[in-house]
Every structure is written in C-alpha cells, then in structure tokens.
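> Sequence:
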Amino acid sequence: MQSVILRVAVLGWAGLSLLLALHWFVELGMVGFPDGYVTPFARATGPLLHTLATACLMQGVYFLYRGLFGKGLGLLGLGLQILIAAVLTVAPVLIVRNCPHSQTCSSAYEALTNTMMDDGAGG
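In my numbering, the protein residues as written are 1 to 123.
Simulated from the structure, these hints should not be mistaken for laboratory data.
From a predicted model like this one, the values you see are computed outputs, not experimental measurements.
Note that the Cβ used here is the ideal one computed from N, Cα and C, for glycine as well.
Don't take each hint at face value.
[Said to hold, decoys possible] Pairwise CB distance ranges, derived in the manner of DEER restraints: (1) Gly72 with Gly36: 45 to 53 Å; (2) Gly46 with Leu19: 18 to 26 Å; (3) Pro47 with Leu68: 28 to 36 Å.
Construct the complete structure from the given sequences, taking the supplied hints into account.
What follows is the structure, given as structure tokens:
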C-alpha cells in the first residue's frame, strides 16, 4: 500500500513538473507579445528562466520514469530527490518571476546590473 501511495506521489510530482515546464516555455515564447517590446528585465532573465524550464522538464521526465518503471521506491530517497528538484528548479523561477514586486530583489538586481528595474509595468 505504501508503495502505491509513493508511486502516485512521484507521478504527481512528475505531472506537475511537466505542466510547470510547459507553462514556463509558453510564457517565454510570449515575451514581447503583442507589441514586440522585450523589457531589459526579460532580456536579462530569459536565458536563466529557459535553463530552469528545461531542467524542470528533465526532472519531470525523470520522475515519470521513476514512477512508472522504478523498482524499490524508497520514501526517504525519493522525498529528498523531489525536495532537491523543487529547490533547484521551481524555487528560483518563483523568485525571478516575483523579483519586480520585491523591494529587496529589485534593489539587488539594480545593484548587480547597474540599471533600473524595468519589467514593463508602469503607466
């Protein structure tokens, strides 16, 4: 019974990873829509977000394989793998996407790039 629950959890994480990667790739493909203007922030973070979306896609495929064909699924081992995958892919994307709304992150971005935060928001 525990093996079935663990397998469902791994497959659930795989599905979530694949959906997140698909969503992020669509968002990256829509940068500049509808007027073609790509903000400096989008240009600066685009390669990083593309790399993270690719990593999320790869982790989704990995966990899909582990959930379908993995033998001897260990709760601690797989739980740790999922946690590490989330910290290395999902958390950085959320930080980058929410950076323009965070004063601390905006200040760090401006200090590192020597430019003002321009994410296209404003009037």
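> It remains to establish, for every hint, whether it holds in the given structure.
Do the hints match the structure? See the list:
1. Gly72 with Gly36: 45 to 53 Å: Taking Cβ atoms as reference, Gly72 and Gly36 lie about 52 Å apart, which means the hint holds.
2. Gly46 with Leu19: 18 to 26 Å: holds, 21 Å
3. Pro47 with Leu68: 28 to 36 Å: Taking Cβ atoms as reference, Pro47 and Leu68 lie about 32 Å apart, which means the hint holds.
The earlier numbered hints are all upheld by this structure, with none contradicted.
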